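*Asks:* Chain residues, written in single-letter form:
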Amino acid sequence: DTGVSQDPRHKITKRGQNVTFRCDPISEHNRLYWYRQTLGQGPEFLTYFQNEAQLEKSRLLSDRFSAERPKGSFSTLEIQRTEQGDSAMYLCASSLYWRENTGELFFGEGSRLTVL
Amino acid sequence: GNSVTQMEGPVTLSEEAFLTINCTYTATGYPSLFWYVQYPGEGLQLLLKATKADDKGSNKGFEATYRKETTSFHLEKGSVQVSDSAVYFCALSGFQGAQKLVFGQGTRLTINP
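In order, the protein sequences belong to chains A and B.
When we follow my numbering, the leftmost residue of the first sequence carries the number 145, and every step to the right adds one.
When we follow my numbering, the leftmost residue of the second sequence carries the number 450, and every step to the right adds one.
Keep in mind the hints are simulated off the structure, nothing from the lab.
Values in this document were obtained by computation on a predicted structure and should not be read as measured data.
All residues carry an ideal CB built from backbone N, CA and C; glycine is no exception.
Honestly, I wouldn't trust all of these hints.
[Claimed, not checked] No farther apart than 25 Å at their CA atoms in a straight line, the calculated lysine-lysine pairs in the DSS-like style are these:
#	chain 1	residue 1	chain 2	residue 2
1	A	LYS201	B	LYS549
2	A	LYS155	A	LYS201
3	B	LYS501	B	LYS526
4	A	LYS201	A	LYS215
5	B	LYS526	B	LYS505
6	B	LYS549	A	LYS215
[What the hints assert, rightly or not] Far from chain A, some chain B residues (derived; all Cβ distances over 12 Å):
#	residue
7	GLN487
8	ARG516
9	LYS549
[Claimed, not checked] With the Cβ distance kept under 10 Å, some of the chain A side facing chain B (calculated, not the full set):
#	residue
10	VAL148
11	ARG175
12	GLY184
13	GLN185
14	PRO187
15	TYR192
16	PHE209
17	GLU248
18	PHE251
19	GLU253
Based on the provided sequences and hints, a complete structural model is requested.
*Replies:* So this is what it looks like as structure tokens:
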């Protein structure tokens with residue numbers, strides 16, 4: 145399968161614990177995005193990378209959230225000291241970007257976080 | 450800032466009915482417009498897109514026309530099938546090639562046989 149893969153698909157944790165999600169994008173894609181989706185809402189942008197550089201972070205991304213893409217391939221999203229409000233589906237997407245491209249983002253199936 | 454508003458769901462139709470899902474947007478500049486679909490148990494998939502005013506995107510019998518004068522991008526299909534049951538998201542991305550998407554809240558569509 146050459147699509148975007150995310151791991152784990154579902155994580156249940158207790159409030160205050162740290163969690164980490166991993167995203168493996170489509171191999172030739174240079175951009176990688178993280179979104180958060182809560183029940184009944186559309187995905188909300190969190191952050192994105194071009195290669196290994198993190199180019200933008202949303203105001204939604206508090207200090208407890210950190211994302212990395214160390215070698216410009218896979219990415220991790222870590223949430224420290226989880227809160228119940230962090231419960232959501234975390235979506236990863238990747239794309240092949242060049243200046244004139246208004247092209248497609250390819251999404252993974254998401255990692256669902258439940259904070260008890 | 451940029452935003453997208455979709456008609457609220459859920460929407461329930463019978464097979465072969467005509468479908469319209471309304472989408473309006475607010476944006477600076479000249480955004481590109483998209484419809485994404487999420488089938489049960491699957492990730493979001495691009496359904497169609499339009500990159501400039503008066504463009505029509507189409508795929509799988511669905512169509513949407515980029516209307517700058519009404520800031521709209523309504524999704525239509527002439528005859529829906531049970532397999533079209535899914536959640537549909539309207540989205541926009543900024544100009545100058547920016548690919549960061551702003552999504553609407555989604556519309557759940559159920560088609561009954």
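*Asks:* Against chain B, run the beta carbon of TYR192 of chain A and see if the smallest gap drops under 10 Å.
*Replies:* Holds - the Cβ of TYR192 of chain A comes within 10 Å of chain B, reaching about 6 Å at its closest.
*Asks:* Would ARG516 of chain B pass as off the interface with chain A, using Cβ distances and a cut of 12 Å?
*Replies:* holds (18 Å)
*Asks:* Examine each Cβ of chain A, and state whether all of them lie more than 12 Å from the Cβ of GLN487 of chain B.
*Replies:* violated (9 Å)
*Asks:* Would you say LYS549 of chain B is clear of chain A, with no C-beta pair closer than or equal to 12 Å?
*Replies:* At about 6 Å from chain A, LYS549 of chain B fails to clear the 12 Å cut-off, so the statement is violated.
*Asks:* Can we keep the VAL148 of chain A interface hint, with Cβ of chain B closer than 10 Å?
*Replies:* Cβ of VAL148 of chain A sits 7 Å from chain B, so the hint holds.
*Asks:* Has the given pair, LYS155 of chain A with LYS201 of chain A, been kept, meaning a C-alpha gap of at most 25 Å?
*Replies:* holds (23 Å)
*Asks:* Given a cut of 10 Å on the nearest C-beta pair, is the interface hint for ARG175 of chain A held or broken against chain B?
*Replies:* holds (6 Å)
*Asks:* Under 10 Å, Cβ to Cβ, is where PRO187 of chain A needs to be relative to chain B, so tell me if that hint holds or is violated.
*Replies:* It holds, given that the least Cβ distance between PRO187 of chain A and chain B is near 5 Å, below 10 Å.
*Asks:* So, as I understand it, the hint says GLU253 of chain A touches chain B; can you test that by seeing if any CB pair is closer than 10 Å?
*Replies:* holds (4 Å)
*Asks:* Would the hint on PHE209 of chain A stand, with a C-beta cut-off of 10 Å toward chain B?
*Replies:* This interface hint is violated because 17 Å lies over the 10 Å limit.
*Asks:* Interface hint check: GLY184 of chain A, Cβ to nearest Cβ on chain B, cutoff 10 Å. Holds or violated?
*Replies:* GLY184 of chain A check passes; min Cβ-Cβ to chain B is 7 Å, inside 10 Å.
*Asks:* Does PHE251 of chain A hold up as a contact with chain B if the rule is Cβ-Cβ below 10 Å?
*Replies:* holds (4 Å)
The structure does not agree with the numbered hints 7, 9, 16 stated previously, though it agrees with the rest.
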